[in-house]
Amino acid sequence: MSIQLRFILTYISIVFVFIILLFLSGFLIFFSITGDADFVRKLYSHSYEYKLLTPEEENAFLDLKLLSEEKPEQLLRPETVKKYEFENIDIVIQKNKEVVYASESIKGENLRKYLPNHQKSKGNHSYQQDMLRIGKQYFTYINLDFHFSNQEKGSIYVLRKISPYVGIINRIFPFLIFLLLILVIVIIGFLNYLVSRSIIKPIRELKEAAEKIKQGDLHFEISANSKDEIGELTQAFEEMRQKLKSSVELQIQYEDNRKQLLSSISHDLRTPITSIVGYVEGIQDGVANTPDKLSKYLLTISTKAKDMNALIDELFLFSKLDLHEIPFVFKKLNISAFMESYVQELQFEMSEHDIDVLFSNDSLTTLYAKADAEQLRRVLINLTTNSIKFMDKEKRRIDIVLSATESELIIEVKDNGSGISPEALAHIFDRFYRAEQSRNSNTGGSGLGLAIAKQIVERHGGDIWALSKLGEGTSIFFSLQKMNENGDTHEEDIIN
Numbered sequence: 005m006s007i008q009l010r011f012i013l014t015y016i017s018i019v020f021v022f023i024i025l026l027f028l029s030g031f032l033i034f035f036s037i038t039g040d041a042d043f044v045r046k047l048y049s050h051s052y053e054y055k056l057l058t059p060e061e062e063n064a065f066l067d068l069k070l071l072s073e074e075k076p077e078q079l080l081r082p083e084t085v086k087k088y089e090f091e092n093i094d095i096v097i098q099k100n101k102e103v104v105y106a107s108e109s110i111k112g113e114n115l116r117k118y119l120p121n122h123q124k125s126k127g128n129h130s131y132q133q134d135m136l137r138i139g140k141q142y143f144t145y146i147n148l149d150f151h152f153s154n155q156e157k158g159s160i161y162v163l164r165k166i167s168p169y170v171g172i173i174n175r176i177f178p179f180l181i182f183l184l185l186i187l188v189i190v191i192i193g194f195l196n197y198l199v200s201r202s203i204i205k206p207i208r209e210l211k212e213a214a215e216k217i218k219q220g221d222l223h224f225e226i227s228a229n230s231k232d233e234i235g236e237l238t239q240a241f242e243e244m245r246q247k248l249k250s251s252v253e254l255q256i257q258y259e260d261n262r263k264q265l266l267s268s269i270s271h272d273l274r275t276p277i278t279s280i281v282g283y284v285e286g287i288q289d290g291v292a293n294t295p296d297k298l299s300k301y302l303l304t305i306s307t308k309a310k311d312m313n314a315l316i317d318e319l320f321l322f323s324k325l326d327l328h329e330i331p332f333v334f335k336k337l338n339i340s341a342f343m344e345s346y347v348q349e350l351q352f353e354m355s356e357h358d359i360d361v362l363f364s365n366d367s368l369t370t371l372y373a374k375a376d377a378e379q380l381r382r383v384l385i386n387l388t389t390n391s392i393k394f395m396d397k398e399k400r401r402i403d404i405v406l407s408a409t410e411s412e413l414i415i416e417v418k419d420n421g422s423g424i425s426p427e428a429l430a431h432i433f434d435r436f437y438r439a440e441q442s443r444n445s446n447t448g449g450s451g452l453g454l455a456i457a458k459q460i461v462e463r464h465g466g467d468i469w470a471l472s473k474l475g476e477g478t479s480i481f482f483s484l485q486k487m488n489e490n491g492d493t494h495e496e497d498i499i500n
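To convert, count from 1 in the sequence shown and add 4; that's the numbering used here.
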């Protein structure tokens, strides 16, 4: 969930909760107004100070009281009682349990249902004040009990209409406002905590990670726990850390390789240079005092110079391959015909050295590969040259095998030489590595031949590996991308 969507949902949640709380508050007020009158009465008795009658209305009540004391029978005449009514004042006269007079606004109600009974009276001409509900309307009232001349019980009710909202609001509203405020604060705080924790915590982790990187520590891991913008930032930061770590490790490796390169070049060049200097000094000192010796010295000097030149060429080639400065021209290559042509050339050359070269094609169909023919030839030359150096059998032999899988072509160069130890086999494709640790150039070579072959094969999108048994020989395999007969290239690009 994105942070923007999270904030939107938080805002909607707050608004929704606030509306719910307002709805509940309104429902509570509505229930209070329309519910039990005793509840409203309790609210009034605790929170609403009211003045029951105005002075004029109080005078009217006193007149009714005086009338009940002196001429109670007059209270049974509507025209007499009506004179004491005011705009907001209603009067009810009750005789025994029968309502004998009621103001027009409440006349249609079943007053006996709402009026208190006489058992609440404290005695003749005693009065009490309270609140009651008649229908849906609330009243405060003063109740005066008296007796008619025939000793029948009578009651006067002077009622004043009131709004229950005042008492309820005075009583409930502050509490509701306080409750709403607390709830809103708690809810906003909780939502803010949830949202901020999902943002602040990963930002704090990123800050700590940045501090570690600033101090040079790249050996840690940052995991993205969400899929929002912060999670994407964390993932990008982690990828940056990994690339920085790889870059530092690669830089260290390059530095080690540079030191190894300087050491290897120094050693490989020092030996032939020392020989050349020695033979030159021998000529200068007159040691080569015969034409045969002089010719031998000059031949040795020429050979050593050629070895140095070959080493420098291989080093230059490897450096350009490593920097991707050698362009590769990939075409659809008839690999079956290409291998047969190369083997024929190799058989002719190896016949002079009494080495048998055999070729076998495991596929019955013509095989095609996407390859650079010139660079592929260089790979085969390096592999066969490496095989020749370590042949120690009386009958020397090289087998070249072409096979195919569903998506790859595999070429194997196998010899019956001395083999390679398991410890050395894992390093034979490393630059300047020699299984023969004496670094004798007659056997070990420059240590770049297999490394160059690996570079070229990998540029073809393939892989190279080796299997070997001491005393039996070594097999080096490499793979190429297979193409069908109807490849993407034009017919003139096919090399036969």
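FYI, nobody ran anything at the bench for these hints, they're computed from the structure.
Please read all numbers here as calculations on a predicted model, not as lab measurements.
Glycine is no exception: its CB is placed at the ideal position from the N, C-alpha and C atoms.
Careful: at least some of the hints might be erroneous.
To be verified - Just the calculated beta-carbon pair ranges, DEER-fashion: (1) Val284 - Glu356: 15 to 21 Å; (2) Leu248 - Phe20: 57 to 63 Å; (3) Leu248 - Glu285: 49 to 55 Å; (4) Glu209 - Phe20: 28 to 34 Å.
Each hint, compared with the structure:
no. : hint                        : result
1   : Val284 - Glu356: 15 to 21 Å : violated (32 Å)
2   : Leu248 - Phe20: 57 to 63 Å  : violated (46 Å)
3   : Leu248 - Glu285: 49 to 55 Å : holds (54 Å)
4   : Glu209 - Phe20: 28 to 34 Å  : holds (32 Å)
Checked against the numbered hints given earlier, this structure breaks hints 1, 2; the rest are met.
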